[in-house]
Amino acid sequence: MPDVDVRLSKVAKTYGDVVAVDYIDLEVHPGEFFSLLGPSGCGKTTTLRMIGGFEQPTSGLIELQGQDVTWLAPYQRNVNTVFQNYALFPHLTVFENVAFGLRRRGVKGDDVKTRVADMLRLVQLEGFDRRKPTQISGGQAQRVALARALINRPAVLLLDEPLGALDLKLRKQMQVELKRIQQEVGITFIYVTHDQEEAMTMSDRIAVMNKGHYEQLADPETLYERPTTRFVAGFLGISNLLNGRGDGTADAYALVRLADDTMVRVPRGSVTGSGAVQLGVRPEKIRLHDPGATTPERHNRLAGTVRDASYMGVSTQYQVEIAGGARVTVYEQNVERATRSELWAPGEQVQLTWSPDHTFVITDPTPAADEAAE
Amino acid sequence: MGQLIHRYRAAIPWLLMLPGLAWLAVFFVVPNVQMLLFSLSEGTLLTGFTTPPDTWSFDNFPGAVTRYSGNFVNSIVYGGLATILCFLIGYPLAYGIAFRGGRYKSLLLFLVIAPFFTSFLIRTISWRIILGNDGPFLGIIRDVLGLVPDNFSVIGTPLAVVGGLTYEFLPFMVLPLYVSLEKVDRRLVEAAQDLYAGPWRRGGAITGALLGGFLAVALQVGLGYSQFVGETATPGLVALAALVGATAGGLVGASMVSQAFLRVTLPLSLPGVFAGSILTFIPSIGDYVNAHLLGSPKTQMIGNVIQGRFLEQNDYPTAAALAFILMAAILVAIFVYARVLGTEELSGGRA
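First to last, the sequence lines map onto chains A and B.
For the first sequence, the numbering used here assigns the number 193 to the initial residue and increments by one for each residue that follows.
For the second sequence, the numbering used here assigns the number 2 to the initial residue and increments by one for each residue that follows.
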């Protein structure tokens, strides 16, 4: 077994003047749950469709388990797709939908029956085999689409926003289910979504895509804790970004001088030289203190004024204005200060502190206009 | 009060249907009852008719069938062949417009119905001139190219009648087919391809050859059964037709029909096939203009007989009986057809 299931080499796709996919190199490992995450129009679906064979790349090479499949038709590739709106055959029963691929490949009689029954059991749809797609719910249709693809035992399963049409509760349930099924069958999944939480929950690795290429490819934790671009920092969760310049080292850390000359510690190696950088910190990593209170040693410290406090039940979201006028978002769990009267009030002076280890640095700031959320 | 309003609201759909129902009652039910009475009457226009309840002349029905069975057969054969030809020409056309028409869809559909802007009588008369013995068609293939003997004619043959019917009713086939093909979700075709539905070479070749051969023989026998430039269907001609049809069908089946089409697009377009063939078959089986203008006395269809009995011989009872027999035959045929096509859809196209 090769250690790469799907390899994209310099794959590009253009429609006239529009560049949908911009020279992507990608390797997906066997058994991996791999996600392409990005806003609509970022090229993630086009990339998936090229792997599935529904589109031909304008240039580049697509390999499947070492075999060049760039110009093969969908029916000649050992990959199957779960389509965005399931695309179940409305004139066929659930059984015949699931059996479709087997029949096209010449599997006969009892063999078909056994394998369809097994597959319907895997997706927990026993007893639904004689229903038509119009007679089942969205969640069930989703499972049929999954079974219809998986029964062919493809090398790679492609999923194009498969949970997009489901309501929130069902979506959460299917996320767990999908992960379970993937581990049970051991097939490589390539999953396209615009939902960062969905991608984080299920994926082994995620490629965050923007404008036809991916900005960062890493496991969910790295993407969240150490985003390397403004886009990734903004697309996955909320980030506070502060402008500064590299300014030497101290102890085990590198130092960054902010616009107002405050010095901030960041992990060593994340800044070299004295170029302009942006450093980021997640709202939940910051703690608020009284101006005179002692703060943890070596933590980064900024002074600020509370401008807004929104009570959200599990936590409270603060907007704190720091020197220079920038606003920092802070989430505080409602543990120590649990009632409204105990919360920080707008106008109060506070100190913000956070661990240097929770600071990430973006050395390649892209324009702010790119910061697209969902 | 509230209940009254509620009842009124429930009645609104019925009220809206009222004009249509009234129209049908006056212009469909009443004339049909009148016709039914005529079909059971006896007498002539000169001597006067005796109608039910004074007489119940049920003999009109068996009498009409035996006297005009040949014309019934003509109608069914010509109408059936025209419907099959319309389907064979119309399906690829509708498919092409629906799947490949792009921004020209509306224009192409307009061209399909463009002939309707001229009276069909005028168009049929034009065909009579075009295909006539002194017309441009024979002028080219007979006089210029010398492909056919001097006594060859097209007008007056069953071929001309079937050709006229096919031409006449093709739009009625194309439009319903287009509607149902247009509705087929392209993603379903992609899904089928994803699930290993590739080309359909062997199956397509065999099926195409069988269908092509059958159709060619049906055309040959159907057209030759009465008279086709004096020649009936000889075994040699039938064999030749079968060979040509099978070859053409086999080539088309093997090269142009994919499994995705067979398993997804075709089954999903069956409602259009059903509607289109009924809209083609019913008017063509009752048509008399094409047989009158493009045919000969031997190619008279049942519509010609009904028209003649009514307007020339003033034999209302026989004409009315024939009209009812035709109506009953069509209703039975549609019922059987609906059952056949309906169950196929339900069984889900099992492999």
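Some hints here could point you the wrong way.
What the hints assert, rightly or not - Beta-carbon label-pair distances, calculated as ranges: (1) A:Arg297 x B:Ala12: 54 to 60 Å; (2) B:Arg202 x A:Gly319: 33 to 39 Å; (3) A:Asp209 x B:Ile6: 58 to 64 Å; (4) B:Ala23 x A:Ala357: 42 to 48 Å; (5) A:Ala357 x B:Phe215: 54 to 60 Å; (6) B:Gly21 x A:Gln268: 51 to 57 Å.
To be verified - If you want the footprint, here are the derived chain A segments under chain B, 3+ residues with CB under 8 Å: (7) 264-270; (8) 288-298.
Think of the hints as simulated: they come from the structure by calculation, not from any bench.
Backbone N, C-alpha and C define an ideal beta-carbon position, used for all residues, glycine too.
Distance restraint hint 42 to 48 Å, applied to the beta-carbon atoms of B:Ala23 and A:Ala357
holds (46 Å)
Okay, the segment 264-270 of chain A and chain B, do three or more residues pass the C-beta test at under 8 Å?
holds (count 4)
Is the hinted range of 54 to 60 Å satisfied by the C-beta distance from A:Arg297 to B:Ala12?
Since the Cβ atoms of A:Arg297 and B:Ala12 sit about 57 Å apart, the hinted range of 54 to 60 Å holds.
At the C-beta level, are B:Gly21 and A:Gln268 separated by a distance inside 51 to 57 Å?
holds (54 Å)
May I ask you to test the hint 58 to 64 Å on the CB atoms belonging to A:Asp209 and B:Ile6?
holds (60 Å)
State, for the Cβ atoms of A:Ala357 and B:Phe215, whether the hinted interval 54 to 60 Å holds or is violated.
violated (45 Å)
Just to make sure I understand the rule, a stretch counts as covered if three or more of its residues have a C-beta closer than 8 Å to a C-beta of the chain. Does the segment 288-298 of chain A meet that for chain B?
holds (count 6)
Consistency of beta-carbon spacing, A:Gly319 to B:Arg202, with hint 33 to 39 Å:
holds (38 Å)
Checked against the numbered hints above, the structure breaks only hint 5 and satisfies the rest.
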